[in-house]
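*Asks:* Turn these sequences into a full structure, and let the hints guide you.
Each protein sequence line maps, in turn, to chains E and W.
Per the numbering used here, numbering of the first sequence is gapless, rising by one per residue and ending at 966.
Per the numbering used here, numbering of the second sequence is gapless, rising by one per residue and ending at 966.
Since the hints were made in silico from the structure, they are not lab data.
Please note that the accuracy of each hint is not assured.
Calculated lysine-lysine pairs in the DSSO-like style (CA-CA distance at most 27 Å, straight line) [claimed, not checked]: (1) E:698 - W:678; (2) W:678 - W:698; (3) E:678 - W:698; (4) E:959 - E:604; (5) W:863 - W:604; (6) E:698 - E:678; (7) W:863 - E:698; (8) W:678 - E:678.
There are 2 protein chains.
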Amino acid sequence: MSAFEQLMAHARETAALDQIAGRLGWDQETMMPRGAAPQRAEESAAIAGVLHARRTDPQVGDWLAAAEAPDEAGAAQLREIRRSFERTARVPADLARALARTTARAQGVWAEARADEDVAAFLPDLKEVVALRREEGQALAQGGDLYDALLEEYEPATSAAQIAETFDTMRPRLVALRSAVLDRPVPQRLEGQFDESAQMKLSRHLARSFGYDMAHGRVDKAVHPFSSGSGLDVRITTRTNPDDPFNCFYSTIHEVGHAAYEQNIDRAYLLTPLGRGVSMGVHESQSRIYENQLGRSRAFTGWLFGQMRAAFGDFGIADEDAFYATVNTVHRGYIRTEADEVQYNLHIMLRFDLERALMAGDLAVDDLEAAWNDRFAADFGYQVDKPSNGCLQDVHWSVGLFGYFPTYALGNVYAGCLYQALRQAVPGLEADLAQGDTAAATGWLADQVQRHGGLYAPREVIARASGIEPGPEPLLDYLEAKFGALYDL
Amino acid sequence: MSAFEQLMAHARETAALDQIAGRLGWDQETMMPRGAAPQRAEESAAIAGVLHARRTDPQVGDWLAAAEAPDEAGAAQLREIRRSFERTARVPADLARALARTTARAQGVWAEARADEDVAAFLPDLKEVVALRREEGQALAQGGDLYDALLEEYEPATSAAQIAETFDTMRPRLVALRSAVLDRPVPQRLEGQFDESAQMKLSRHLARSFGYDMAHGRVDKAVHPFSSGSGLDVRITTRTNPDDPFNCFYSTIHEVGHAAYEQNIDRAYLLTPLGRGVSMGVHESQSRIYENQLGRSRAFTGWLFGQMRAAFGDFGIADEDAFYATVNTVHRGYIRTEADEVQYNLHIMLRFDLERALMAGDLAVDDLEAAWNDRFAADFGYQVDKPSNGCLQDVHWSVGLFGYFPTYALGNVYAGCLYQALRQAVPGLEADLAQGDTAAATGWLADQVQRHGGLYAPREVIARASGIEPGPEPLLDYLEAKFGALYDL
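*Replies:* What follows is the structure, given as structure tokens:
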């Protein structure tokens with residue numbers, strides 16, 4: 478075997494073990510008996526140790542030095558293997574272990590602090606996480622920008638400066654749109670109770686209608702909706718709430734976007750570094766365009782209204798237009814994950830600026846709560862009422878995910894670019910969606926974006942698919958048009 | 478860290494990875510999307526490769542040479558680690574790979590041949606499996622008995638000669654009992670259809686009533702009932718058939734016996750070589766005593782009759798005595814897994830003699846079908862009607878499990894010894910069981926057998942618990958007494 482072939486055989490086995498580690502996570506959230514947690518911690522640590530040893534195996538370095546790519550895909554495989562190997566090699570084993578241990582503990586401390594509304598109880602752990610991640614960032618950056626080095630893990634080949642510029646363009650138009658909308662009358666709300674097993678049934682129907690392949694996936698209930706796995710086994714979870722069926726349906730559609738991306742990657746890349754979504758931003762572009770541009774469109778919600786009437790009877794909304802307004806209500810609130818399309822990115826900008834300051838050493842952990850609250854009041858126009866609605870609301874920082882938040886907003890930006898191109902490419906889009914038929918839309922996304930997996934860099938895959946250099950204008954134009962019409966602006 | 482501590486740390490991580498591999502198997506039979514099989518094959522191969530590398534790591538040999546056991550349990554840990562390391566080291570890596578590849582393929586060929594009633598289609602693969610396992614047996618035996626070397630994998634410290642002697646004692650009394658019973662009138666059968674979700678509900682109730690800990694386990698449906706996992710996460714499966722609720726209930730109770738063994742092992746041995754059942758024979762002793770001596774007893778079936786009447790209404794059986802006879806019907810049949818308590822061991826003896834002859838080279842694979850059919854006619858008094866009722870009925874040989882079958886009968890023998898002691902130790906046993914209360918019985922088994930895990934050798938743990946050298950007499954006495962009374966002999 479050539480060095481390239483040996484390297485690929487090693488990478489395939491690593492990818493297979495990585496899939497196993499992911500499935501342990503899925504099992505933990507869905508099927509695991511509640512008393513099994515301590516044993517699962519040992520199991521997860523054991524497989525993480527195996528993966529780390531494989532990823533830092535010096536033989537990988539030797540193979541990389543000798544390997545010659547046979548073609549474009551082979552070159553991309555080498556690029557991804559080299560990137561992962563060099564990153565892992567730069568982080569001292571002691572630091573990697575300290576990060577794993579500290580973040581595992583900090584997540585539990587965060588959950589308790591959040592339940593108790595007690596920021597102070599979380600600060601010692603957060604300080605440790607921030608210090609370790611800064612140390613890791615310095616090791617990774619090798620003299621370059623620390624935050625960029627962390628961002629690279631989630632969104633390769635994008636800089637914090639680029640993101641900041643994008644956000645500067647977005648903020649004034651989003652704020653203006655939000656202000657205009659909030660001056661208008663509030664749409665109707667859903668009324669009544671929605672049977673949870675009927676929600677799950679319709680949820681599975683929605684998943685299939687969006688092209689989710691049940692032969693290579695399954696839908697279960699979990700506390701948090703998520704998608705997990707790549708290739709031939711990509712599972713999603715959703716949740717139900719008797720008062721709020723939209724939470725169930727749009728969680729499902731969102732996760733189906735992630736899952737379809739993984740399911741539709743070229744089978745030639747199965748269990749290789751190219752056989753998974755190329756970045757969190759591109760991943761989020763798929764989940765968001767499924768959920769929002771398609772799932773919350775006037776056409777599709779018209780169809781969904783009929784499905785819901787059939788499943789639940791009358792729920793207080795008279796017609797499709799009123800239903801469309803209800804689905805797209807812009808509302809005051811504190812929680813990012815519950816935010817509407819207009820305000821979601823404002824939440825991300827807040828976190829981006831705060832975590833950049835934390836990583837740069839410009840903001841002390843002790844001052845985080847005050848900084849958050851001041852910023853929230855400035856951005857949203859009202860005061861945070863309690864920490865669980867403020868700086869304790871997200872799990873990310875407790876797990877050390879600094880550099881992750883901006884990928885959510887990048888996903889929205891990418892989705893805006895893709896949607897603009899999609900409307901050009903599929904002229905019958907509205908008519909299809911009004912029938913609950915997403916085949917042409919999801920087929921275009923599968924062909925233009927999803928099948929490439931890790932072949933192209935994130936911005937490149939979006940640029941190729943949308944035909945433009947990725948930027949926020951298409952998203953902003955779309956939001957202004959949609960909410961302008963909806964709220965009669 | 479001392480050599481002993483380093484060795485134990487390594488063993489714990491290996492045990493954790495082994496649990497992960499087992500859980501992949503569980504997932505495959507219960508939850509996995511049907512299109513995921515090719516990817517799962519890669520995942521299973523990857524983790525098997527990791528486990529094999531760890532088990533043959535030369536460092537384990539160095540640690541073993543230097544390690545000193547701190548206590549009795551430590552000595553037993555070293556004994557188990559040494560046994561596993563020496564066995565693995567004796568099998569050349571090429572042979573291990575050939576066995577894995579060939580048995581994976583042969584299992585599929587067997588399943589097709591069985592569906593087609595085509596023995597000839599299976600023979601080429603079976604020849605290969607037999608040849609490879611003989612080669613492995615020779616490598617393991619190092620001049621000793623080949624069959625004993627294979628048996629050692631499933632039932633350490635027991636010889637084929639010992640088993641043959643036990644079987645020689647059993648055969649005449651079992652044959653005599655069977656003949657007498659089959660001359661008597663046949664008990665009533667169940668009538669009607671039994672709702673499958675009600676079967677699952679009662680099945681879970683039975684599992685709990687036998688002490689299965691749902692905080693560390695779960696019950697799902699699968700094609701084949703099985704128990705999987707050790708320690709804090711031990712899951713079982715069962716199956717349902719609308720015509721035959723006994724299949725569901727007694728499969729559940731059987732698997733609960735296996736699972737309770739794994740759940741009740743001393744927590745100090747969690748994720749170590751002692752933290753799992755010591756042998757297949759001892760494992761089967763637990764599943765069989767739960768299923769038969771307890772679950773099919775007059776007292777317990779009296780309680781079950783009431784439960785079934787409550788769940789299903791009238792099903793054609795008038796009273797507890799008639800129900801007891803129905804549960805314990807001795808019937809003509811071909812299939813080992815469906816055999817009654819009287820005839821089950823006769824099936825095992827047939828397989829034991831045939832596979833010993835195959836391994837010794839005294840029986841050619843080409844002659845297996847004729848040998849099976851002749852032997853079956855001699856042992857059971859009627860002719861095999863088709864290969865799926867004959868030599869193709871069991872999966873074991875296709876997977877290379879030579880040496881495994883006798884452990885089923887040893888399990889029955891051990892269960893007989895334990896039950897004799899249990900009746901002495903728990904005088905109120907019948908009264909308890911008549912209330913569906915197994916706590917005293919299962920508590921005694923947990924304390925006397927299960928908690929020890931791998932601490933003692935198989936025959937030793939049975940001898941300690943039952944107070945006698947394990948032998949078939951208690952089982953035979955129990956069967957003669959039970960079926961003598963049942964069938965008015």
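*Asks:* Hint by hint, say whether it matches the structure.
*Replies:* Hints, one by one, checked against the model:
Of the pairs offered as hints, the one joining residue 698 of chain E and residue 678 of chain W holds, with about 21 Å between alpha carbons and a cut-off of 27 Å not exceeded. Only pairs whose Cα atoms come within 27 Å are accepted, and residue 678 of chain W paired with residue 698 of chain W is accepted, the gap being roughly 12 Å. Note on residue 678 of chain E and residue 698 of chain W: the hinted pairing holds, with a Cα-Cα distance of about 21 Å set against a maximum of 27 Å. For the suggested pair residue 959 of chain E and residue 604 of chain E, the alpha carbons sit about 42 Å apart, so the restraint of at most 27 Å is broken.
Of the pairs offered as hints, the one joining residue 863 of chain W and residue 604 of chain W holds, with about 21 Å between alpha carbons and a cut-off of 27 Å not exceeded. At roughly 12 Å between alpha-carbon atoms, residue 698 of chain E and residue 678 of chain E fall within 27 Å of each other, so this suggested pair holds. Restraint check for residue 863 of chain W and residue 698 of chain E: not satisfied, since their Cα atoms lie roughly 46 Å apart, outside the 27 Å limit. With a C-alpha separation of about 22 Å, the suggested pairing of residue 678 of chain W with residue 678 of chain E holds against the 27 Å cut-off.
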